[in-house]
Amino acid sequence: MGRNMAQSIAHWFNRRSMQSRLVAAYIVILLLPSLLVSNYLFSEIRESYGNDTLKQAQYSVEMERVNIRNQIEAMERAAQLTISDSEIIDYISREEELPVEDLLELYRGPLTDMINIQINNPNIVHLRLFSNNRYLSEVWPIVFHERRIQKEPWYKQLEELNGKELWLFKNEDPDILHRNVTDGTNQMPKVSLMRVIEAGGKRVGVIEVSMLLKQFSPKAFASIKDEGSQMMIADRNGTIFMDEQQSFAGDNLELRDALLETFGKMEQQQLSEMRFVVGQQPYLLVSAPLEQANAYILNLVSLQAVSKDISKAQAQIIGFNVIIITLLSVITYWLNAIILKNLRRLTEAMKKVRRGEMPTGLPLSGGGEIGELAHHFNKMIHTINELIAQGVKKQALTKEAELRTLHSQIDSHFLYNTLENIKMLAEMEDQRTISDSLTSLGGMMRYNFKWSGEYVSLQDEIRHIQNYIAVMNIRFDEPIALELHIPPGLMEIEVLKMSLQPIVENAVKHAWSGTEEEQSVIRIEVAEGKGSSGASDSRDGGIIITLRDNGMGIGEERLQRLNEWVQSGHSREMSLSGPGNGQQAIGIGLRNVHERIRLYYGEPYGLRIYSVEGQFTEVVITLPKVLLMGGSSGYEKNADRR
Numbered sequence: 001m002g003r004n005m006a007q008s009i010a011h012w013f014n015r016r017s018m019q020s021r022l023v024a025a026y027i028v029i030l031l032l033p034s035l036l037v038s039n040y041l042f043s044e045i046r047e048s049y050g051n052d053t054l055k056q057a058q059y060s061v062e063m064e065r066v067n068i069r070n071q072i073e074a075m076e077r078a079a080q081l082t083i084s085d086s087e088i089i090d091y092i093s094r095e096e097e098l099p100v101e102d103l104l105e106l107y108r109g110p111l112t113d114m115i116n117i118q119i120n121n122p123n124i125v126h127l128r129l130f131s132n133n134r135y136l137s138e139v140w141p142i143v144f145h146e147r148r149i150q151k152e153p154w155y156k157q158l159e160e161l162n163g164k165e166l167w168l169f170k171n172e173d174p175d176i177l178h179r180n181v182t183d184g185t186n187q188m189p190k191v192s193l194m195r196v197i198e199a200g201g202k203r204v205g206v207i208e209v210s211m212l213l214k215q216f217s218p219k220a221f222a223s224i225k226d227e228g229s230q231m232m233i234a235d236r237n238g239t240i241f242m243d244e245q246q247s248f249a250g251d252n253l254e255l256r257d258a259l260l261e262t263f264g265k266m267e268q269q270q271l272s273e274m275r276f277v278v279g280q281q282p283y284l285l286v287s288a289p290l291e292q293a294n295a296y297i298l299n300l301v302s303l304q305a306v307s308k309d310i311s312k313a314q315a316q317i318i319g320f321n322v323i324i325i326t327l328l329s330v331i332t333y334w335l336n337a338i339i340l341k342n343l344r345r346l347t348e349a350m351k352k353v354r355r356g357e358m359p360t361g362l363p364l365s366g367g368g369e370i371g372e373l374a375h376h377f378n379k380m381i382h383t384i385n386e387l388i389a390q391g392v393k394k395q396a397l398t399k400e401a402e403l404r405t406l407h408s409q410i411d412s413h414f415l416y417n418t419l420e421n422i423k424m425l426a427e428m429e430d431q432r433t434i435s436d437s438l439t440s441l442g443g444m445m446r447y448n449f450k451w452s453g454e455y456v457s458l459q460d461e462i463r464h465i466q467n468y469i470a471v472m473n474i475r476f477d478e479p480i481a482l483e484l485h486i487p488p489g490l491m492e493i494e495v496l497k498m499s500l501q502p503i504v505e506n507a508v509k510h511a512w513s514g515t516e517e518e519q520s521v522i523r524i525e526v527a528e529g530k531g532s533s534g535a536s537d538s539r540d541g542g543i544i545i546t547l548r549d550n551g552m553g554i555g556e557e558r559l560q561r562l563n564e565w566v567q568s569g570h571s572r573e574m575s576l577s578g579p580g581n582g583q584q585a586i587g588i589g590l591r592n593v594h595e596r597i598r599l600y601y602g603e604p605y606g607l608r609i610y611s612v613e614g615q616f617t618e619v620v621i622t623l624p625k626v627l628l629m630g631g632s633s634g635y636e637k638n639a640d641r642r
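The opening position of the sequence shown corresponds to residue 1 in UniProt numbering, with each subsequent residue numbered one higher.
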């Protein structure tokens, strides 16, 4: 499903114009990095703000912990001063009733000192002694019987501590005398230091030092509300103590449950900070231990305001980027329309060519890739027009050859039959030479008259040359020898019909003066690569056909003029004078063969003449290697075939 959709999108995109695709590419190139960079930067900013918030929260917790330690030291000092007074310890441990005079003296002395300790530490709301001595007389609000606290849930735990401190955090403190009156502090959260008093190796009582939590931790119970954070205290049981009047966490039950759960995880994992989310709002919880009180101070910070401000700024910047990129896209579209104007003109010209309209050229100025493309397009149109002209010329030549063949084929069967009759008469008269000559002549006539196409196999062309030499040898006292050096595998290559015979005919007519002592020889060699003279006129994979005679040859100056004339394609004849032959018009056949080869196979192919005067003349023909398949009607086409 996803793959098909991707293919559909790719297909739709590929069908858009280049201008639209370029604009889309610019948008992607500009927008995606912009979004990625902005997201990365704001992620870093968000993390930086988060780290700053964490540091600020940790700093606030540390400052509050220092303040709480000071309060703890004050409470411990008050307790230590009290139990260090020997008169007070003696009073609560005496096993007899104290006379009234001594009791008054005690009240005016040590007990007054206890009251002064509390007065000097105004944050302490209770400084009490509890004794299990049955002879003890209670002195309110300082000395009480221990039975008043024996039913408290923490009493048994205090007994198990063996003289160690027990810190209690309470949301309320009922009147110890169970009166219906209140001093205004009973319903307020307190922290109490409880410690067993021992004297003479035995337990004599308990001391209590209590302080209101708003004095113990001012920031946790501050009257000034902070909408972004709230401090609180957690005791050893995980109970949270905080100012319930603050709206930040006091009235949010879901947040309080998440707070307790997060604090539990922090204790298990021994972490000092953790982030959590409640109702899609992020929070940060920072804790620090209060070792003496066996408790923790917590700071709950809302990250919503910071995240909201950052997200708002991020949305504004992204929106600004989108607006800028949209504006740039419009400008880019307009500029592309100007830049690609010539490309559209080139496209329209190509469409005209596809419809068959052949413009003479595309008048585009300017450089760059489009200018270069237009230049090559104009060259291509010029080449196409030339090929069309060549095709028309080729068709005209073919029609002309067909007409000539048609004229020649008038009563051709009559001529064939007549030749056969004469041949039979010669055989009956035992005139083998005449019979063989008539056979060769008949083969030549059939080859000339049967013009079914421009291409024949090399084997057919060689057979025609053999017939021609056989007929021409009737004229000479010394016959011309024909030597063939052709690999069997190359006998089926394609050649133009009547492309070798004119060269052989030219050699028969002009190569020898008739006074030579050695036998006249025409040698035909076919190979792939270089000819016998060392010429290398073919391309890779081409065929070299070399026709060489041992005649009188051509002088160097005349040879150069002959090659230039054949290669130039001038229509005039060229007269060359040679020893023993006078003024003879030669070269027309060579030029015609050369032009036919180039017309049908292309510019790289053709013929060239090599000669050494008095030794030889050699014509080297270069052709593409094309195997003719199925006789003269079917063949394997080559990339060089026109």
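None of these hints come from the bench; they were simulated from the model. Where hints are given, some of them may not hold.
Said to hold, decoys possible - Derived lysine-lysine pairs resembling DSS-like cross-links, with alpha carbons at most 25 angstroms apart:
hint: 1; residue 1: Lys423; residue 2: Lys394
hint: 2; residue 1: Lys394; residue 2: Lys450
hint: 3; residue 1: Lys55; residue 2: Lys308
Stated by the list, open to error - So the derived label-pair ranges between C-beta atoms look like this:
hint: 4; residue 1: Phe320; residue 2: Arg344; range: 47 to 55 angstroms
hint: 5; residue 1: Glu267; residue 2: Tyr49; range: 24 to 32 angstroms
hint: 6; residue 1: Ser137; residue 2: Arg69; range: 35 to 43 angstroms
hint: 7; residue 1: Ala313; residue 2: Thr239; range: 34 to 42 angstroms
hint: 8; residue 1: Ile27; residue 2: Leu260; range: 48 to 56 angstroms
hint: 9; residue 1: Val612; residue 2: Gln519; range: 15 to 23 angstroms
hint: 10; residue 1: Thr239; residue 2: Arg94; range: 52 to 60 angstroms
hint: 11; residue 1: Arg77; residue 2: Thr239; range: 38 to 46 angstroms
hint: 12; residue 1: Ile486; residue 2: Ser513; range: 53 to 61 angstroms
hint: 13; residue 1: Gln395; residue 2: Val330; range: 19 to 27 angstroms
Virtual Cβ for every residue (Gly too), placed ideally from N, Cα, C.
Each hint tested on the structure:
| no. | hint | verdict |
| --- | --- | --- |
| 1 | Lys423 / Lys394 | violated (39 angstroms) |
| 2 | Lys394 / Lys450 | holds (19 angstroms) |
| 3 | Lys55 / Lys308 | holds (20 angstroms) |
| 4 | Phe320 / Arg344: 47 to 55 angstroms | violated (34 angstroms) |
| 5 | Glu267 / Tyr49: 24 to 32 angstroms | holds (27 angstroms) |
| 6 | Ser137 / Arg69: 35 to 43 angstroms | holds (37 angstroms) |
| 7 | Ala313 / Thr239: 34 to 42 angstroms | holds (40 angstroms) |
| 8 | Ile27 / Leu260: 48 to 56 angstroms | holds (50 angstroms) |
| 9 | Val612 / Gln519: 15 to 23 angstroms | holds (19 angstroms) |
| 10 | Thr239 / Arg94: 52 to 60 angstroms | violated (39 angstroms) |
| 11 | Arg77 / Thr239: 38 to 46 angstroms | violated (27 angstroms) |
| 12 | Ile486 / Ser513: 53 to 61 angstroms | violated (29 angstroms) |
| 13 | Gln395 / Val330: 19 to 27 angstroms | violated (55 angstroms) |
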